[in-house]
Amino acid sequence: GAVVSQHPSWVICKSGTSVKIECRSLDFQATTMFWYRQFPKQSLMLMATSNEGSKATYEQGVEKDKFLINHASLTLSTLTVTSAHPEDSSFYICSAREGEGGLARTNEQFFGPGTRLTVL
Amino acid sequence: GIQVEQSPPDLILQEGANSTLRCNFSDSVNNLQWFHQNPWGQLINLFYIPSGTKQNGRLSATTVATERYSLLYISSSQTTDSGVYFCAVNRDDKIIFGKGTRLHILP
Numbered sequence: 001g002a003v004v005s006q007h008p009s010w011v012i013c014k015s016g017t018s019v020k021i022e023c024r025s026l027d028f029q030a031t032t033m034f035w036y037r038q039f040p041k042q043s044l045m046l047m048a049t050s051n052e053g054s055k056a057t058y059e060q061g062v063e064k065d066k067f068l069i070n071h072a073s074l075t076l077s078t079l080t081v082t083s084a085h086p087e088d089s090s091f092y093i094c095s096a097r098e099g100e101g102g103l104a105r106t107n108e109q110f111f112g113p114g115t116r117l118t119v120l
Numbered sequence: 001g002i003q004v005e006q007s008p009p010d011l012i013l014q015e016g017a018n019s020t021l022r023c024n025f026s027d028s029v030n031n032l033q034w035f036h037q038n039p040w041g042q043l044i045n046l047f048y049i050p051s052g053t054k055q056n057g058r059l060s061a062t063t064v065a066t067e068r069y070s071l072l073y074i075s076s077s078q079t080t081d082s083g084v085y086f087c088a089v090n091r092d093d094k095i096i097f098g099k100g101t102r103l104h105i106l107p
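Protein chains in written order, with the working numbering: chain A, 1 to 120; chain B, 1 to 107.
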């Protein structure tokens with residue numbers, strides 16, 4: 001149990017285009033999902049917390065208009081990188097935490113496999 | 001904010017060796033998790049361990065919350081254990097990651 005998927009696993013796009021990344025909890029309901037960014041050989045940096053049915057909470061320094069987050073259902077959150085530029089190239093990882101209705105309520109987070117974004 | 005420090009930053013071992021990875025945190029936390037990030041980037045949950053000791057095969061972990069540290073033990077290392085091991089703590093509904101320990105197991 002507790003499987004999180006991400007799609008796509010990798011994407012290459014031209015500068016100026018927008019890219020949408022999907023994060024799904026496959027076997028549990030996730031009221032809260034998190035989006036992280038990871039640069040090569042560095043740790044994960046929390047970008048934002050996504051709560052189902054409400055606006056995302058962004059960490060300091062993360063542009064909300066640049067990284068649009070939507071959490072429309074208990075199993076899906078999306079991150080859209082708008083007007084992507086080469087400096088947005090990175091590894092984006094989502095995680096999900098079980099909410100009400102899950103097998104057990106803990107703060108344990110489960111991570112997706114990540115999406116590698118390359119902006120040319 | 002809370003600081004999470006992992007040591008050592010890098011570790012190279014021969015296959016079959018044992019290792020201990022440490023995670024120190026600067027304040028009280030709600031819980032703590034250990035992850036293994038494989039070479040493809042996937043984060044694999046190893047332990048959810050806010051306190052106490054847990055074991056899973058060749059891996060075990062101990063968290064002493066009162067002293068603000070956790071240890072991850074890997075016994076009889078295999079080449080597939082290579083990768084980065086992250087400790088992450090949860091406080092005020094946010095997860096904060098350490099910088100990781102990069103483990104390389106030589107055949």
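Since the hints were made in silico from the structure, they are not lab data. A couple of the hints might just be wrong.
[What the hints assert, rightly or not] Simulated DEER-style distance windows between Cβ atoms: (1) Gly57/B / Ser18/A: 40 to 46 Å; (2) Pro8/A / Lys94/B: 23 to 29 Å; (3) Gln3/B / Glu63/A: 32 to 38 Å; (4) Tyr73/B / Lys41/A: 23 to 29 Å.
[Unchecked claim] Simulated pairs of lysine-lysine, DSSO-like, Cα-Cα distance not exceeding 27 Å: (5) Lys20/A / Lys54/B; (6) Lys20/A / Lys55/A; (7) Lys14/A / Lys66/A; (8) Lys41/A / Lys94/B.
No residue lacks a Cβ here, since even glycine has one placed at the ideal position from N, Cα and C.
These are the hints, each one checked on the structure:
1. Gly57/B / Ser18/A: 40 to 46 Å: holds (44 Å)
2. Pro8/A / Lys94/B: 23 to 29 Å: Because 27 Å falls inside the window, the suggested range holds.
3. Gln3/B / Glu63/A: 32 to 38 Å: violated (26 Å)
4. Tyr73/B / Lys41/A: 23 to 29 Å: holds (24 Å)
5. Lys20/A / Lys54/B: violated (39 Å)
6. Lys20/A / Lys55/A: holds (17 Å)
7. Lys14/A / Lys66/A: holds (16 Å)
8. Lys41/A / Lys94/B: OK: Lys41/A and Lys94/B at ~22 Å, within 27 Å.
Violated hints, listed in ascending order, are 3 and 5; each of the other numbered hints is respected by the structure.
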